[in-house]
Every structure is written in C-alpha cells, then in structure tokens.
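Order-wise, the sequence lines are chains V and Z.
With UniProt numbering applied, the first sequence corresponds to residues 1 to 435, in that order.
With UniProt numbering applied, the second sequence corresponds to residues 1 to 435, in that order.
No wet-lab data here; the hints were simulated from the structure.
Only a predicted model underlies this, so the values are computations on that prediction, with no experimental measurement involved.
Worth double-checking, as some hints may not be accurate.
The list makes no distinction among identical chains, and a pair is therefore deemed to hold if it is satisfied within one copy or across any two copies.
Okay, derived cross-link-like pairs now, BS3-like style, lysine-lysine, Cα gap no bigger than 27 Å in a straight line [said to hold, decoys possible]:
1) LYS233 x LYS62
2) LYS293 x LYS391
3) LYS422 x LYS135
4) LYS186 x LYS233
5) LYS186 x LYS330
6) LYS233 x LYS330
7) LYS320 x LYS330
8) LYS422 x LYS320
9) LYS320 x LYS233
10) LYS135 x LYS62
11) LYS62 x LYS293
12) LYS293 x LYS422
2 protein chains.
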Amino acid sequence: MSSQRRSLVDSRHGEYRVLHEADLRDYLAALPEVAARLGGAPASWSISEVGDGNLNLVFIVKGAAGGVAVKQALPYVRLVGESWPLPLSRSHYEYLALTHQARLAPGLVPDVLHHNEALALVVMELLEPHIIMRKGLVAGTTYPRFVDDITTFLARTLFLSSDLAVTAAEKKEGIAAFAGNHALCKITEDLIFTDPYRIVEQNRWTQPWLDAIAAAFREDLDLHVAISRLKLKFLNAPEALIHGDLHTGSIMVTESQTKVIDPEFAFYGPMGFDIGAVIANLLMAYLASSGHKRSPGDRRAFEAWVLETVEGAWTDFVRKFLELWRTEAKGDAYPVTLFGGEAGAARLEAERQVYMARLFQDTVGFSAAKIIRRILGLAHNIDFELIEDPKRRAICEARSLRLARAMMVDAASFRTIGAVTKAARDARDWQPDFA
Amino acid sequence: MSSQRRSLVDSRHGEYRVLHEADLRDYLAALPEVAARLGGAPASWSISEVGDGNLNLVFIVKGAAGGVAVKQALPYVRLVGESWPLPLSRSHYEYLALTHQARLAPGLVPDVLHHNEALALVVMELLEPHIIMRKGLVAGTTYPRFVDDITTFLARTLFLSSDLAVTAAEKKEGIAAFAGNHALCKITEDLIFTDPYRIVEQNRWTQPWLDAIAAAFREDLDLHVAISRLKLKFLNAPEALIHGDLHTGSIMVTESQTKVIDPEFAFYGPMGFDIGAVIANLLMAYLASSGHKRSPGDRRAFEAWVLETVEGAWTDFVRKFLELWRTEAKGDAYPVTLFGGEAGAARLEAERQVYMARLFQDTVGFSAAKIIRRILGLAHNIDFELIEDPKRRAICEARSLRLARAMMVDAASFRTIGAVTKAARDARDWQPDFA
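This is chain V alone, in the form it adopts within the complex (with noise of 0.2 Å):
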C-alpha cells in the first residue's frame, strides 16, 4: 500500500496525526476535486505553512491550476503551547458554521471543498489576491465593498437563524449541535470577560504607561459589574448563531471582495457580540491610526473613511435586519397574527425599533469589551502592536480603554452611532498624562 493511501486510510479510520508537508500532499493527492482544483502532478504542488493565528495550522497549497488553503487544527492553543490543550472539535464547528453561513450568506465566506472530523482538518478555497483586512487597515487602505459585505454578513446570518426566523425547533436543535464548543467559548469568557480585569500571570500591557490604567481596571467595580452582565448574556443568550471572533483578522478583503473566515468559536450566543466585534476592531483602527502616521495628515482621509465605516456598519445592519424581519420572519418570536391591521403593523413595527435599540445597547457594551481584552489581556492586534515606539502606543491604547470605559459603564448614554464615533474623535483628541 501506497503511503498516500495508507494516509487517507488512516485518517478515515479516526486518527488524528499532526499533518506535515509531504503527507498533505499525499492525503490530498487521494482527494480527486482538490487535485483537480491544484492541477498537475501532486510532487508539483508548492506547500507552505503560514498559520499566524493563535490556534491553528494553516498550509497554502497551490499548483499549476489553482491553489487551497487547508487547515488543521492543533490539539492544544499554539499562541501558548502544548501546556493549553484545546479540543479538535473545534475543526467540526468551524465546518458545520462554515456551511451554515454559505447557506445564509452565500458569497462571503469561504467554499469549503472537503472536511475530515478525525484530522481536525478543513481544505478551503485558497483567497486570493485577498489579504487579512487588519493588515489592510494598519497600511490605512479603506475597503468600498466592506460595509455593504459586513452588513450583509451579519444580517443574513444573525437574523437568519434566530427565533424572529426559523421555529423553537429548529433554533434548539442548532443550539444543540453547537452546544459542544464550551471549550472555545470558555476562551471567550476567560479572556474577555474576566481576566483583563483581575491579576493573571499572562495579561500583558505595554509597561510602563499603562500600569496605573491597568490598576484602575482591576479596581474599577464599576467596570466589573458592567463586564460580569455582559459575561452573563454571553452566557444565557442564545439569539443566533453567531461567529464567536469576528474581527478584522477574521476578514479577508480585495478592493472588491469580502470574506468572512475562521468561525471555530461559533455557537448560539448574542447578536450583539458579532456586531460589537467588527465595530470594536474599527474604533482600534481609527486609534490606533495616529501611531502609524508617517508624514502630517497622510492617514487623515484613511481615519475619516474608518469612522464612516463604523457609522455604515450598524446603520446599514440594522436597515438589513429590519429588512429581512419584514419580509422573512418565519420564526416563533412576535408572530405575525397578534399584529394585524393598519395599527397592528405600525406597532410591531415600533416593537421593531425597541428591538433595535436593545441590541444597539449590547453591541457597545460587547464592542468595549473587545477592545479592552486587546490591551490588557493576552491576546493583542497588530494594529497597535505595529506601533514600534512603546510610549507612542501607549497613547492609542490608553485613548482605546478611555472610549471603552465609557462604553461598557455607560452604554445606555450612547443611543445613536453617532455618539459612539464622537466619543471615538473626542478620545482621539484626548492626551493621557504620561503623554
């Protein structure tokens, strides 16, 4: 028997083995529509490990008719090591979101050509001239088609599988399918929700500027209570199917194209939380924007274009959403019939509005809470990482955690986006004293 077929027997016998290069080549060279896709003789196919995410593997493989990305998923956190073990699953809840989101969202996520459950494995459509839109933003590029894209995305996802869309029935049996990665979202809740605020060895900031805002944090009860409401409705609201780390290292764009990858953290949860992470990762980028300014002014069209985007990315959700629950609400949630009549219209069309506002309310408060975790916790972003004079970064960060407070003590005094990107200029005008 062939090595390469002694691979892919291996594998559908539920073995799970870390894959290196020449296996990858032998297990996709058995997989006919993958090897079609590359072209060529498999010995032809170019392999290049490229991973730079906090989790996974990821080879880019490509040949003389066309490329895929693949994606293996490790058995422990690769950020931190064999020390941090995390479940395989995870690779089957990326596949099964993946595929749900095609469904709901056709076109603006990856087509996934072929899952294997035992390898922890997806092979995908390789995403090019695409790049991660972080790094779009850290070079100041805007993006034309993301919001309209974005907002389609969460639209179409969020509305789309929630009560307002599909029955009880079906909205539990997703609830359930998804219900095994606790121990993705127990990251989540961990990192987000409760270590930036306390003393925990692997928080890190940049020292020293930000050590008494640090402090402040873990003192800060204030901040405590709020962070533990949100922590609690991550917890206990499951209102759709949601991505579960929708930040800009989670797209990828051209000038013309957007797609939405790496969903392992999906499970039914808040709305808000998605919606709160694209905006969080745009209000990073407009502050941390100043610290990648290279002549006076050259990234001022860019920091206009960004808080427009944060404007259009709930504005335009929101006309979405609305959308589809007028004409495509099939679910259980506010049926129809006890809204008949002119006046009963104009009141669930109220109603519609009150829901808005609810889900605008957690959307600031999630969206604090991403930016915070970014600053004091273990995982940090480019977008300030880049920043190479420490104190210079410092500054952005400690404007970021000045509008993030706000937001997550007081969401309830930001009622339209519009205060949220005055308060995003205000923080961006905003000197902290070390400065």
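Take the given structure of chain V and dock chain Z to it, following the hints.
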C-alpha cells in the same frame, strides 16, 4: 414464554404499546424492586387508571405491602385526542428532570423506581395520602409547609442549574440534553404565549360574560407586545433547568409534605417562568375563592393565607436563592475574583439585588401570562371550572384577567410582591360591568 416475560422482552426491544391493566401487571411483576414494594402475588394487586391530566395515562397500583404510581405517555395529547400527536420522548425528559431535581432538591419530588424509555413509562413511589394541591385550594385548605417547601424547590433547582452554580460547559451540556423536548415547549409557546390573544378554534371562555374581554384582549396591542417579549424570553433565555409547568396541579401535598410532580415540560428556560407559575396559580386560587363560598366569611382565613403564601413564595425564594449565591457560587457567571475586598463584596451584593429585581419583573410578567391562558385559552383549571354558576365564575375570571393585564403590560410598576398582593385585593373588590 409466559406473557409476563414476553412483555418485558418486547419493551426492551423498543416496541411501544399502550399498556392495559393485564400487561402492566405482568410488566411490574418482572421488576423485582417494584414487585417487592407492592408485595404479595401480582394477581392480588389492584390497578386503576386515574390520569386526569391533559397528556398521559396514570395508573395507581397497590399491593399488600405498598403502592406505586405508573405514568405512561401516549403518542398524542390526551385532552384533545389522536389528532394532536405528541412525541413519546417527553417521558425521557420527565425522567431526566425528575432525577435531576431529586439531586438538587432532595425529598421534594417523587422517587423514581423504574424508567423504560421505549415504553415511555416511569414507575414512581405512590404519594399517599397526598392530594393535588389545586383540589385542596378549591376546598379551602391551607398548607403550612408549602411556602418553605416550594421555595426550597425553586431556589435549589433554579440556582443550582444556573450559570451562577455550574460551569458554562456543564450548563451547555444540560441545555443540549433537553433541547430535544421542543414539542412540549411548543405547546407552551402556542397555548400560553400566542393563542389566547388571537382567534383560535380551541380557545374557550365563560360565555357570554367574558366575550367582550376576550375580544378586547385580541385587539390589545400593549398586551400583544408584552406577551411577545415574554415569548422571546421563553425562547431565548436558558437561565436554568425549569420545571416548565409548575402550576398547583403539578404539586401534591399533605399538611406536612410537598412533592412536585410531572416535569415533562422541563427544559433550560427563564427562571421567572417557574416562579411565575406558582404565583399565578395562587393568585387564581385567591380570586376564585369567592366563587366557592358557602357561607359569609367561610373562606376569609383561607384567602388571607393564600395572599401570605404569594408573598412568602417570593420573599423566601429570594432569601434562599441569595443564600445559595453567597455560599455556592461555583459557576462561571459573576466570578468572585472580580469582587474582592470589602468594597467588592458590597458591590456584588448590590448587584445580586439588581439581579433579583430583574427576575421579579420576569416573574410578574410570566405570572400574568399563566393566568390569562387559563381563562381565555384551551386548558382551564378547576379553581374556576368548579364554580357552577357561570356568571359567578365569570366575575372571578374577569377580576383575574384585570389583575393579569396590569401585571403584564405594566410589570415595571410592580416593584415588590406586596404591590402584587395589593393589586390582587383591589381586583377582588372590583365588579365587572356585567356583575
């Protein structure tokens, strides 16, 4: 092979059939623990079918040494007939809930002696001389143990299955374990949260006196918004493993004992739904009481006891729930590490009060929903039904609807349980215009 042995074998082979007296006798004779508890020769056991609920067969079996109760699910709704099919799996969920509740609140549910999933059958200890609490309330009996027992049941089953007590992983496993019980949830979603507010053939009410109120409720958009929000919460808030049908017909009592039965509607839902069910059914007992009066003042002491019981049900529940939170908070929500020191402890205690205030709002709303469905929906209760004079019954029902409407539409104005009992007293004194 004797018919007795064949019966047992059939059941083990997963073949459902409705058990009749002779089959049941054979079946129980083959269960050593059950046969021993009954005592004597199987032929000497008395078997009678006593089910007066809406869904199942219930047999009481007595032998020389003791008795057992046998509950078998039918593949349809007994109240309606074979035209309304209902999955047998509810027996599995009832068994799961009973055993879970027995661990969390020992002594407050019947002991399970045997379960056969294929036959949808549970054999339990016979509760004797207990009666269904609702019958006792109609008769004007007071139950001095009730407040203490039901609040222990509520506080322990709700707290100990919530994110305050268990890890998020354990909670998600629990949610998934009960997710399949959606057909029973659907009954609640339709019969409690939707049908009473729209024209549905199976609705009924005391005609002609309540015609105008029923019509007004079908047009009342404030009510329709409020019930839709409650429905959304029922669909979307897996706070704890709830009983799901905790009315006074699901409680068996003596003067010295309380047992909660029939948790086949159990799933992870909002805590306020269970607490509200208890309070709603007490409020109905109170407002129906005048309909059972035989001589002036003969129900006065009973009625005073019922209102004290409403108040105690909430206040003792809160005391016990908070006590558990202070001593057994092993869950992922509200991590104590974020509330260290004296100031932190004080702030967490304040937040616990906020949590209970929110839960009280839910309880008031769900309580109202449970009242309305019993008067305008499909399933009525003997508190009202046994009032023979229909006009007199309609007066009691109209008062209950008046109270319930205020509680549902204006829940926020009820800040304390005293406000609820005061409103109940006011409703008791109110005369509908047809009176």
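Here is how each hint holds up against the structure:
For a Cα distance limit of 27 Å, the shortest separation of LYS233 from LYS62 qualifies neither inside one copy, at 43 Å, nor across copies, at 50 Å. Proximity of LYS293 and LYS391 under a CA criterion of 27 Å is satisfied intra-copy only: 14 Å inside one chain copy versus 81 Å between copies. For the homomeric pair LYS422 and LYS135, the shortest alpha-carbon distance inside one copy (25 Å) is at most 27 Å, but the shortest distance between copies (63 Å) is not. In this assembly of identical chains, the alpha carbons of LYS186 and LYS233 lie at most 27 Å apart whether taken from the same copy (14 Å) or from different copies (24 Å).
In the homo-oligomer, the alpha carbons of LYS186 and LYS330 lie at most 27 Å apart only across protomers (15 Å), although the nearest pairing inside one protomer, at 32 Å, exceeds that limit. In this assembly of identical chains, LYS233 and LYS330 lie within 27 Å of each other by CA distance both inside one copy and across copies; the values are 25 Å within and 18 Å between. When the C-alpha separation of LYS320 and LYS330 is checked against a cutoff of 27 Å, the pair qualifies only within one copy, where the shortest distance is 16 Å, while the shortest distance between copies is 41 Å. When the C-alpha separation of LYS422 and LYS320 is checked against a cutoff of 27 Å, the pair qualifies only within one copy, where the shortest distance is 24 Å, while the shortest distance between copies is 46 Å.
Within a single copy, LYS320 and LYS233 get their C-alpha atoms as close as 24 Å, and across copies as close as 23 Å, so both meet the 27 Å cut-off. Taking the shortest Cα distances, LYS135 and LYS62 sit within 27 Å of each other inside one copy (23 Å), while across copies they are farther apart (76 Å). Proximity of LYS62 and LYS293 under a CA criterion of 27 Å is satisfied in neither setting, with 36 Å inside one chain copy and 87 Å between copies. Proximity of LYS293 and LYS422 under a CA criterion of 27 Å is satisfied intra-copy only: 21 Å inside one chain copy versus 66 Å between copies.
Violated hints, listed in ascending order, are 1, 11; each of the other numbered hints is respected by the structure.
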